[in-house]
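J.: These are the residues of each chain, in order.
Protein chains: 2
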Amino acid sequence: MSRYQVDDATLEDIEAERATYTPIADATRQLADLSIRTQASPADVGRAREHLEAAIALLGKDVMEGSYGVRHSRIGVTRAWGNAVVGARNPIAPPLTIVRDEARVCSEFELSAAYEGPPGLVHGGVLALILDQLLGEAAAAAGAPGMTGTLTVRYRRATPLGALHGEAHVDRVEGIKTYAVGHIADAEGVCVEAEGVFILPRWARGEQTGPTRFE
Amino acid sequence: MSRYQVDDATLEDIEAERATYTPIADATRQLADLSIRTQASPADVGRAREHLEAAIALLGKDVMEGSYGVRHSRIGVTRAWGNAVVGARNPIAPPLTIVRDEARVCSEFELSAAYEGPPGLVHGGVLALILDQLLGEAAAAAGAPGMTGTLTVRYRRATPLGALHGEAHVDRVEGIKTYAVGHIADAEGVCVEAEGVFILPRWARGEQTGPTRFE
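Protein sequence lines correspond, in order, to chains A and B.
Under the working numbering, the letters of the first sequence match residues 47 to 261, in that order.
Under the working numbering, the letters of the second sequence match residues 47 to 261, in that order.
No wet-lab data here; the hints were simulated from the structure.
This one's a predicted model, so the numbers in the text were calculated from it and none came from an experiment.
For each residue, glycine too, the CB sits at the ideal point set by N, CA and C.
Hints are not guaranteed to be accurate.
Claimed, not checked - Now the in silico label distances, taken between C-beta atoms and shown as ranges:
no.: 1; chain 1: B; residue 1: 52; chain 2: A; residue 2: 88; range: 44 to 52 Å
no.: 2; chain 1: B; residue 1: 219; chain 2: A; residue 2: 222; range: 15 to 23 Å
no.: 3; chain 1: B; residue 1: 109; chain 2: A; residue 2: 54; range: 42 to 50 Å
no.: 4; chain 1: A; residue 1: 235; chain 2: B; residue 2: 219; range: 29 to 37 Å
no.: 5; chain 1: B; residue 1: 218; chain 2: A; residue 2: 122; range: 18 to 26 Å
Please model the complete structure; the sequences and the hints are all you need to start from.
T.: In structure tokens, the structure reads:
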């Protein structure tokens, strides 16, 4: 398995891929929400199933091997479109749009019924999932990317489903270890805090860390 | 918002709900995978989109307010069907089937392309998400349920996408705090370990902790 894919995709290729496939992810996100919340009649649900099976047959005509991976193009665009938090083609991802600057990364996002744990509240593990991504992107934005070594999440209070804000920054770098901290807040303030240690994997040391423009 | 819902659903009602709606979640899980991996032609994708829009319209005819919650029926069945890890109606959930006994909980599950972080590997945050659920269920199984207070995840090595095993048990209980530990392993051994502190929220103290049969 190639861990570091570089391709010759042009901007036009990338925009064509986006235009063709991301609407499927967007529609599937709506379906994920409806799958949980619909109270439609068995007859309507039966007809909906037929449409879903038809869509599955069409999309299944040509499927790539394995997973999407992370694709770096020679023109300097990185597509992590299969990523479980930020992937534009991944319906499991909300997806987060993460704004990066040198000192920190942040994101405004909304979590709906599909991210529920306790009634009306965001699943604690979903908050850990999002914080892992935010902290990892903070490490990458600071020029010290890595895979998560340790993640510690402290839940200050319950996080309601709805509009949330997340942010993270690097606290310090010690050799191959990058220490990042961050939090997720609602309109009333911080709900959950995290700190993480990110470690550059052996296979990536000495390689380019990749283009800086993420999509 | 009622945090603790009790309803009069009969076994027949519950089986009818399962038979009607969980196939939609199953189909949407397939669509989530295809959304990432399809290479179908723009023409086929366009036709698939029309089917998805038709399904959305049918399922959208009658939708419950808010989120699914956690439903306890008087006959002793608990449905956490909207849960982001174990919810049968939630396409974002793999979903995990967690087997409980007094001393520990465990689960055999498979993570496909939609749970990717680094190329070919499970997203570190997805592992945290699943461990949070496993540890929380271990606490509940031991009769000391709670919401996550702190979660610490240690990544021993990269976790490949594919077949995985998870398990957790309670280490000790101190007043309202339950300390649980667990791990996720592949065929070669442990990939990631976690410990968590679970705290019974104020609103749930003095209430029944709910029926013991989870669905």
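J.: Each hint should be assessed against the structure and marked as holding or not.
T.: Structure-based check of all given hints:
As the Cβ distance of residue 52/B to residue 88/A is approximately 25 Å, the hint placing it in 44 to 52 Å is violated. For the hinted restraint 15 to 23 Å between residue 219/B and residue 222/A, the CB-CB distance of approximately 38 Å leaves it violated. With their beta carbons about 45 Å apart, residue 109/B and residue 54/A fall inside the hinted range of 42 to 50 Å. Residue 235/A and residue 219/B have their C-beta atoms about 30 Å apart, which keeps the hinted 29 to 37 Å range intact.
Checked against the hint of 18 to 26 Å, the C-beta distance between residue 218/B and residue 122/A comes to roughly 52 Å, which is inconsistent with it.
Checked against the numbered hints given earlier, the structure breaks hints 1, 2 and 5 and satisfies all the rest.
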